Amino acid sequence: MCVHLVSCRAHLEALERLKALRIAVANDTHWLLSPSFRVGLRTALSGGGKSWAGADPLEPDAHAKDISELEQYSRARWEAVLQFMAAANTEGVTQEVVNVLIDAELISLSTTGEGAGRPVITNKGFQFLLQDVATQVWYFLTQYLNSLQKRGADPVEALALLFRLSFSTVGMDYPVEGLTEGQLDLLQHLREIGLVFRRKRTSRRFYPTPLAINLASGSAKNLDAADVKGYIVVETNFRIYAYTDSPLQLALLSLFVDLRYRFPNMVCGLLSRDSVRKALVKGLTAEQMIRFLRTHAHPQMRSRTPVLPETISDQLRLWELERNRLRVLPAVLYERFSNQREHDLLHHYGRDLGVELAHSSQHIVVTFEGHEQIKTFWQAHRQQAEADAQARQRAYEQQVAQHQASTMQP
Amino acid sequence: MHVHKGVLIECDAAIKQFLLHLDSQQPSETRFIIADVDETHLFVDPPSLPMLQTKLDEMLDKNNFTPKLENTPAASAAKSS
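Line by line, the protein sequences are chains A and B. Following our numbering, the residues of the first sequence are numbered contiguously, the last one being 410. Following our numbering, the residues of the second sequence are numbered contiguously, the last one being 81.
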């Protein structure tokens, strides 16, 4: 009975999954498999069709790689990309990767100063760096596919290869035979960012790395183990101690921290107004810096509440506010009204329209856009006023004439 | 009634006083404030904005105290260079 229940639940779960993947479609009484999946499944069960892993298996690789080596390799490659973004260290990053980063607006080429043409990290890029690796790879690849499409290439081939990768096994080698020209290009790019390993550009085989396998499964456990471990200690005197020797982490910190001493396993830096202002000018926000320090806080710091000393987070926000002391808006000013009624009229009209920015007894300031409306209103008002004045004048003249007529009569 | 096109600056009272002071230091032909609207608003001439921003940054930098860290390698390196 119990066994039956369990297997029944497993069965239902499996059906739910098939439904979610749109492989099976349910109607009232029965389930239907999607036609193309049905054909594929039948071929696979009967042992027909062509296997993408190559018809004949490769001879054993003389330079075989094991899983930990592959993981190391992929981590190193991916960190090279991140490091390039953080510190503009072009070593080991090809133009293709740079182009994708530029297309994704994660970096931009600076147009000012002596460093013109040099890549600079953008606001979006900084947020990107703060995410976990799986999210980063995912985002990077979607951007890669976008830029493929922009250049008019068909992303279907690339997608096919990416899906294949996510179904492969780490530590196994796969032949490059049978891949199309576009897929070989992609393979080369994936190699650059550490999603696959090929010993040489012309090597007949490739190894998918854990980065690639985790892509579709969405699990990022083993990849992030090292990232989750916090390493930053912030003291209330604005000193920062970072227990790390990773050049990437250092590059990230140096975006807004003035690093002063470096030891084999830690660096010591200072949060200063200048260093933070430099980061603010680059477009980072105080909130991003605070979040970075908080998420990478050393376990020692985490036990405290709040994790980041309040003086630090407050000061970061204050430094940000200091840069925004002026709020500048294009506007139109009205002054020297001929009487109080004119002023009140425009003041009320502007306020009701929602275009008035400021006013005093002498002045009214409205938005640039609101000025046109006010102008039409004012002209209409002036015409009306003139018409009224003329009418009054005529009425007065009539009265005078009548009066004269009545006094003329004896 | 007179109509002026320009920009409205919204700021806190302290900064406004600084801008008023800056304006009073200018020779009459480069004065930029068109109207002093209220406590936190000034109406100014657009071409003077970049100058205002730099002067303001200068003032804020001057008012900021950065403790000099003596006897640190970084500080002494900066001095010698």
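FYI, nobody ran anything at the bench for these hints, they're computed from the structure. Just so you know, these numbers come straight off a predicted model, no measurement behind them. Glycine included, every Cβ here is placed at the ideal spot set by N, Cα and C. You may find that some hints are simply not true.
[Unchecked claim] In silico DSS-like cross-links for lysine-lysine, where the CA-CA straight-line distance does not exceed 30 Å:
#, chain 1, residue 1, chain 2, residue 2
1, A, LYS124, A, LYS278
2, A, LYS229, A, LYS65
3, A, LYS229, A, LYS282
4, B, LYS55, B, LYS5
5, B, LYS55, A, LYS282
6, A, LYS278, A, LYS150
7, A, LYS229, A, LYS124
8, A, LYS282, A, LYS124
9, A, LYS282, B, LYS62
10, A, LYS150, A, LYS124
11, A, LYS229, A, LYS150
12, A, LYS375, B, LYS5
13, A, LYS65, A, LYS200
14, A, LYS278, B, LYS5
15, B, LYS62, A, LYS278
[To be verified] Between beta-carbon pairs, the in silico distance windows are:
#, chain 1, residue 1, chain 2, residue 2, range
16, A, GLN383, B, GLN53, 39 to 47 Å
17, B, THR54, A, ALA153, 43 to 51 Å
18, A, GLN399, B, PRO47, 26 to 34 Å
19, B, ASP61, A, SER303, 33 to 41 Å
20, A, GLN379, B, ALA14, 36 to 44 Å
21, B, SER24, A, ASP352, 35 to 43 Å
Consistency of the hints with the structure:
Restraint check: the Cα-Cα separation between LYS124 (chain A) and LYS278 (chain A) comes to about 17 Å, which is no more than 30 Å; the hinted pair holds. For the proposed pair LYS229 (chain A) and LYS65 (chain A), the alpha carbon gap of about 27 Å is at most 30 Å, so the pair holds. Among the hinted pairs, LYS229 (chain A) with LYS282 (chain A) is consistent with the structure: their alpha-carbon atoms are about 28 Å apart, no more than 30 Å. Using a Cα cut-off of 30 Å, the hinted pair LYS55 (chain B) and LYS5 (chain B) holds, with the two alpha carbons roughly 23 Å apart.
At roughly 21 Å between alpha-carbon atoms, LYS55 (chain B) and LYS282 (chain A) fall within 30 Å of each other, so this suggested pair holds. With a C-alpha separation of about 34 Å, the suggested pair LYS278 (chain A) and LYS150 (chain A) falls outside the 30 Å cut-off, and the hint is violated. Our distance criterion of 30 Å between C-alpha atoms is met by LYS229 (chain A) and LYS124 (chain A), whose separation comes to about 24 Å. At roughly 11 Å between alpha-carbon atoms, LYS282 (chain A) and LYS124 (chain A) fall within 30 Å of each other, so this suggested pair holds.
Restraint check: the Cα-Cα separation between LYS282 (chain A) and LYS62 (chain B) comes to about 22 Å, which is no more than 30 Å; the hinted pair holds. Taking the CA atoms of LYS150 (chain A) and LYS124 (chain A), the gap is about 20 Å. The hint holds against a cut of 30 Å. Between LYS229 (chain A) and LYS150 (chain A), the direct Cα distance comes to roughly 39 Å. Violation of the 30 Å bound is thereby established for this hinted pair. At most 30 Å may separate the alpha-carbon atoms for a hinted pair to count; LYS375 (chain A) and LYS5 (chain B) meet this at roughly 13 Å.
Annotation: proposed proximity of LYS65 (chain A) to LYS200 (chain A) holds, straight-line Cα distance about 13 Å (limit 30 Å). At most 30 Å may separate the alpha-carbon atoms for a hinted pair to count; LYS278 (chain A) and LYS5 (chain B) exceed this at roughly 34 Å. Simply put, LYS62 (chain B) and LYS278 (chain A) have alpha-carbon atoms about 17 Å apart, close enough for the 30 Å limit, and the pair holds. Checked against the given bound of 39 to 47 Å, the beta carbons of GLN383 (chain A) and GLN53 (chain B), roughly 43 Å apart, stay inside it.
A C-beta distance of roughly 48 Å is found between THR54 (chain B) and ALA153 (chain A), which places it inside the suggested range of 43 to 51 Å. For the pair GLN399 (chain A) and PRO47 (chain B), the supplied restraint of 26 to 34 Å is violated, since their beta-carbon distance comes to about 55 Å. Distance hint check for ASP61 (chain B) and SER303 (chain A): the Cβ-Cβ separation is about 38 Å, which falls inside the suggested range of 33 to 41 Å. Range check, GLN379 (chain A) to ALA14 (chain B): Cβ separation about 41 Å, and the 36 to 44 Å hint holds.
Take SER24 (chain B) and ASP352 (chain A): their Cβ atoms lie about 37 Å apart, and the range 35 to 43 Å holds.
Against the hints set out earlier in the document, violations occur for numbers 6, 11, 14, 18.
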